[in-house]
Amino acid sequence: MSPHDHHDHDHSPIEDGQGPPGPFQILERAVRELLIEKGVLSAEQIQRQIENQEGRTPELGAGVIARAWTDPAFHAELMEDARAAVAKLGITIPDAPELIALENQDGLHHVVACTLCSCYPRMLLGVPPAWYKSKAYRARVVLDPRSVLAEFGLTLPEDTRIRVVDSTADLRYLVIPRRPTGTEGWDMERLAGLVTRDSMIGTGLALPAAE
Amino acid sequence: MGIEPRFEPGACVRVADRQPQGHCRTPFYLRGRNGEVISLAGRFHDPAQLAQHRPGLPKLTLYRVRFAHIGLDGRTTQNEIMADIYEDWLESAP
Amino acid sequence: MTSTRAMHDIGGLDLGPIDRSEHPRTLHELRVDAILILLTSPACGAFKVDALRRAIEEFSQVDYDHLPYYDRWLQALTNLLIEQHVLSRGEIDARVAAITAEAAHGH
Chain A
70 MSPHDHHDHD HSPIEDGQGP PGPFQILERA VRELLIEKGV LSAEQIQRQI ENQEGRTPEL
130 GAGVIARAWT DPAFHAELME DARAAVAKLG ITIPDAPELI ALENQDGLHH VVACTLCSCY
190 PRMLLGVPPA WYKSKAYRAR VVLDPRSVLA EFGLTLPEDT RIRVVDSTAD LRYLVIPRRP
250 TGTEGWDMER LAGLVTRDSM IGTGLALPAA E
Chain B
16 MGIEPRFEPG ACVRVADRQP QGHCRTPFYL RGRNGEVISL AGRFHDPAQL AQHRPGLPKL
76 TLYRVRFAHI GLDGRTTQNE IMADIYEDWL ESAP
Chain C
46 MTSTRAMHDI GGLDLGPIDR SEHPRTLHEL RVDAILILLT SPACGAFKVD ALRRAIEEFS
106 QVDYDHLPYY DRWLQALTNL LIEQHVLSRG EIDARVAAIT AEAAHGH
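Going down the list, the protein sequences come from chains A, B and C.
Number 280 marks the last residue of the first sequence (my numbering); no jumps.
Number 109 marks the last residue of the second sequence (my numbering); no jumps.
Number 152 marks the last residue of the third sequence (my numbering); no jumps.
Quick caveat, the hints were computed from the structure, so don't treat them as lab data.
It is possible that some hints are incorrect.
Stretches of chain A that chain C covers, calculated by requiring three or more beta carbons in the stretch to come under 8 Å of a beta carbon on chain C [to be verified]:
{"id": "1", "stretch": "107 to 115"}
{"id": "2", "stretch": "123 to 129"}
{"id": "3", "stretch": "147 to 158"}
{"id": "4", "stretch": "189 to 203"}
{"id": "5", "stretch": "262 to 271"}
Some chain A residues well away from chain B (every beta-carbon gap over 12 Å; in silico) [stated by the list, open to error]:
{"id": "6", "residue": "F93"}
{"id": "7", "residue": "E120"}
{"id": "8", "residue": "T161"}
{"id": "9", "residue": "G176"}
{"id": "10", "residue": "C183"}
{"id": "11", "residue": "D239"}
Don't be surprised by glycine CBs; every beta carbon is placed ideally from N, CA and C.
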């Protein structure tokens, strides 16, 4: 795939064209070319997969949260069988790993991590941010979650219990942030606009209702 | 490892403290810790075997387990850790 | 405790401040990600994602600490493709050499 190919979407990825290719860029090209030549993968498959993954963004998750906030039946199903619930919104998640919704409540705040690598609900939220995959986050969130959240600008009330959820196995987690006050009667689209990626990981809250 | 799960929700369990042989999804910081089974998450192929290109059978029951959080000073805090632990890494806690 | 802490198993260590900067992924990163997803998908089934994780866990401490995230995955998938006899070390080295020579002489 030439770096000069056009992309239809607005945001082109950063081109790698600055300066000579490094050894890993060369290795990637070598492996990719060999896999294509041997028929293991095709260039079209790779491009489709890139587009498929780029199409998964936190907006998908935000829509799920907004519906959970406004539709009690959906909310109940989300807590019972999250994969089936989001499938009804047209979001298909592969069978494994399984998806579980974690509901923040008065006095209980969830934050998700993968201390062993970088497991994340990517088919719902897109790829995780670099900090989620960083050694510092993975190491410290189970050691001192309150100070990690403070680094994200999040100070919870003294008596709030923080539940750190370590994605060690075949389950992936979506945090349902608390619905901001003053949003009664808001439609789902407007509500979804308050749901940040970080609020669905647990390193932030949903945005407050604007004036 | 049988088909029937060894533990029910509410069971007090202890995470095994043994040296992993190869790939392991039971983190070091939880080994030897006591916890409470919150729920059963289904049965999955053994990741240690999948990591070696083996089928990973028989499937293992996966448990969602809650642990007290131990802070920097070595004392438990009001916070909690939850992790997903395969049955072959859990024992009954005394 | 009986068991020891593996190099990648860092939960609970006090590792310092978190770098929260973000950048859009580069084409290189997008490609590495796409290739590993495709190789571990049921349709291709070259190996499982568990094998990829295991391959990373077998890195030296130096490599684990210093290789950027996507290059860890790239190295791991390369190692596994060789382990599973999908590609050979020789043909990868030959292609790397050819591409390197091409880059040195200009396109």
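*asked:* Run through the hints listed earlier and report the numbers of any the structure violates, in increasing order.
replied: 2, 3, 5, 9, 10, 11
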